[in-house]
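Enquirer: In the numbering used here, the protein residues as written are 56 to 601.
Keep in mind that the hints were calculated from the coordinates and are not lab data.
Misleading hints may appear alongside valid ones.
Said to hold, decoys possible - Pairs of lysine to aspartate or glutamate residues, derived as EDC-like cross-links and limited to a Cα-Cα distance of at most 20 Å, are as follows:
(1) K462 to E503
(2) K197 to E230
(3) K536 to E464
(4) K201 to E226
(5) K331 to D272
(6) K204 to E263
(7) K123 to D166
(8) K535 to D449
(9) K281 to D232
(10) K212 to D138
(11) K496 to E464
(12) K76 to E135
(13) K331 to D387
(14) K213 to D232
(15) K255 to D138
(16) K157 to D113
(17) K428 to E464
(18) K285 to D272
(19) K104 to E135
(20) K448 to E492
(21) K366 to E425
(22) K474 to D416
(23) K79 to E135
(24) K255 to E230
(25) K102 to E84
(26) K278 to D235
(27) K285 to E326
(28) K259 to E226
(29) K278 to D256
(30) K310 to E326
(31) K127 to E84
(32) K121 to D89
(33) K201 to E230
(34) K77 to E108
(35) K154 to D179
(36) K121 to E108
(37) K518 to E497
(38) K278 to D232
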Amino acid sequence: MKKLFLLTFILFSVVSFSQTKKIKILSTELSTADESKYPGATILIGKVKMSHEGATLDCKRALLYKDKNLFKAIGEVIIEQGDSIIQYSDFATYNGNTKKAKSWGNVEINDKEMTLKTDTLHFDRINQVLYYPNGGTIRDTKNTLKSVKGTYLLREKKFTAQSKVTVVNPENHLESDHLDYYTNTNLAYLYGPSTITNLKDSTKVYSERGFYDTNTDVSYFVKRAKLFLKERTVSADSLYYDKRNGFASATNNIKVVDTVQNMVAKGNYAELYEHKDSLFIIDRAVAISVLEKDSMYVAGDKILLTGKPEKRIARIFNNVKIFKSDLQGKCDSIHTSQETGLTRMFNRPILWSNNSQITGDSIQLLTHKESNKLDSLKVLQNAFMIQQDSIHKDNFNQIKGRNIYGKFEDDDLRTMMVKGNAESLYYSNNEKTQELETITKEIASDIEFILEDGEIIQTTYFKKSEGKTYPPSEFPSEEKKFKGFLWRGDEQPKTVEDIFVKDSSSTTSSKTKKQPDVVKEAREQFINETTKKKENQKKPNLKELK
Numbered sequence: 056m057k058k059l060f061l062l063t064f065i066l067f068s069v070v071s072f073s074q075t076k077k078i079k080i081l082s083t084e085l086s087t088a089d090e091s092k093y094p095g096a097t098i099l100i101g102k103v104k105m106s107h108e109g110a111t112l113d114c115k116r117a118l119l120y121k122d123k124n125l126f127k128a129i130g131e132v133i134i135e136q137g138d139s140i141i142q143y144s145d146f147a148t149y150n151g152n153t154k155k156a157k158s159w160g161n162v163e164i165n166d167k168e169m170t171l172k173t174d175t176l177h178f179d180r181i182n183q184v185l186y187y188p189n190g191g192t193i194r195d196t197k198n199t200l201k202s203v204k205g206t207y208l209l210r211e212k213k214f215t216a217q218s219k220v221t222v223v224n225p226e227n228h229l230e231s232d233h234l235d236y237y238t239n240t241n242l243a244y245l246y247g248p249s250t251i252t253n254l255k256d257s258t259k260v261y262s263e264r265g266f267y268d269t270n271t272d273v274s275y276f277v278k279r280a281k282l283f284l285k286e287r288t289v290s291a292d293s294l295y296y297d298k299r300n301g302f303a304s305a306t307n308n309i310k311v312v313d314t315v316q317n318m319v320a321k322g323n324y325a326e327l328y329e330h331k332d333s334l335f336i337i338d339r340a341v342a343i344s345v346l347e348k349d350s351m352y353v354a355g356d357k358i359l360l361t362g363k364p365e366k367r368i369a370r371i372f373n374n375v376k377i378f379k380s381d382l383q384g385k386c387d388s389i390h391t392s393q394e395t396g397l398t399r400m401f402n403r404p405i406l407w408s409n410n411s412q413i414t415g416d417s418i419q420l421l422t423h424k425e426s427n428k429l430d431s432l433k434v435l436q437n438a439f440m441i442q443q444d445s446i447h448k449d450n451f452n453q454i455k456g457r458n459i460y461g462k463f464e465d466d467d468l469r470t471m472m473v474k475g476n477a478e479s480l481y482y483s484n485n486e487k488t489q490e491l492e493t494i495t496k497e498i499a500s501d502i503e504f505i506l507e508d509g510e511i512i513q514t515t516y517f518k519k520s521e522g523k524t525y526p527p528s529e530f531p532s533e534e535k536k537f538k539g540f541l542w543r544g545d546e547q548p549k550t551v552e553d554i555f556v557k558d559s560s561s562t563t564s565s566k567t568k569k570q571p572d573v574v575k576e577a578r579e580q581f582i583n584e585t586t587k588k589k590e591n592q593k594k595p596n597l598k599e600l601k
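Taking the hints into account, I'd like the entire structure generated from these sequences.
Expert: Take a look at the structure:
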């Protein structure tokens, strides 16, 4: 038992001795002592040089406490650790037992990757960690970093900074509350509110968690990401941004705000091409035009926005639905020009204005470019307007003609003109008893209607050729509906959420396809659209939009 105890004691002593090697004096011009002033210290003066376990120290003066294995250096202090780092300061203390140093006064430290300057620096040689508590600056071949507090891990070449952190180079300025930066790769990992500003064009990216490559200007953010461009702001749950190539992709809860056109686009996946001023959005894609009274929502499987703000073209494809408090619509595709303010609906287009259903081969809406209010409506070829009787649901007021032209006032449809082969059919109810009293059928070259709150309050016939009012019992049942009558009230979006509901007959819904297929399809369509000749972009037709 005694032998075992003795062996344990010897091993402990050897380990302890090996961990507490004494500081050696290599050279000095004068060595003295002053017990009254510096008890237990050896005073070294002039060209002092000491060493300890692979590190050397040079200074003008030093106090060496041999019993404590501690020294205090004064004046032109230089600490070298092999060929890995060299440090300069006005003052320093070093404990040989803990291998910890503290330097202050014009501290500068260099390794192969960076230069660090600060007022006060702590150096843990065992863990190879540098720490400054009162502000520091790190410079490498690419960037200059500043922060109030910072830690540099020498082995990993990793700089961890907190509180008012900046990373600056000739192209970009990064501000953050907390980041890790690697001086050997120039990569930054962000863990707090951070903003990257491009110094050439003032483009900004904000996030609270992400990654940034200062070499390539590529960033990837996964928390509260926002991209601020000249005319657009993009926010999303996650955002990838390649600044030099002008490309960004965003995923989930995307919101694109057009600050010039006062328009918002949303979805769950988007790609933005900055140099082309273009983007596409899929997966619950919706474009929102902010009008004076309320907003107009237009949803589809894909949204393509191309061109400069003043000449921007918006294309929305497949399962397109429109919702505004007093105007709803549906079609297969929509084309909107910001330059002309003209919106065109294609492939079985339909509008609902209050309790009126409007259909035609093509429907066009014109928005006033300055006021951004709805100005006029065109229903071209086979124009048809239907109103369901609010009391007798089987009765429908009908207006039919070649074309219909409408005029909006304060975003409300107020006048409508049916041009060419106009026909009308009206069911009149008794105001008191609500019983059906008469049915009137009119034929004219043109018919003009004045509306109020969606109801027709005045009718004017032009070149009236014939017309007749019938009692309900005498009206021919086969004439209750004009040729081409089709009531589609069950398709009308009643709420904003309804515009995202896919029709059961739809075969182009993105939900029926895998996400990569949808993205590939949208990207190919985007490339095709943006590479067309200008003359084709000015005069798109139905074939181009399919």
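Enquirer: If you check each hint against the structure, which ones fail?
Expert: Numbers 3, 7, 11, 13, 15 and 29, in rising order.
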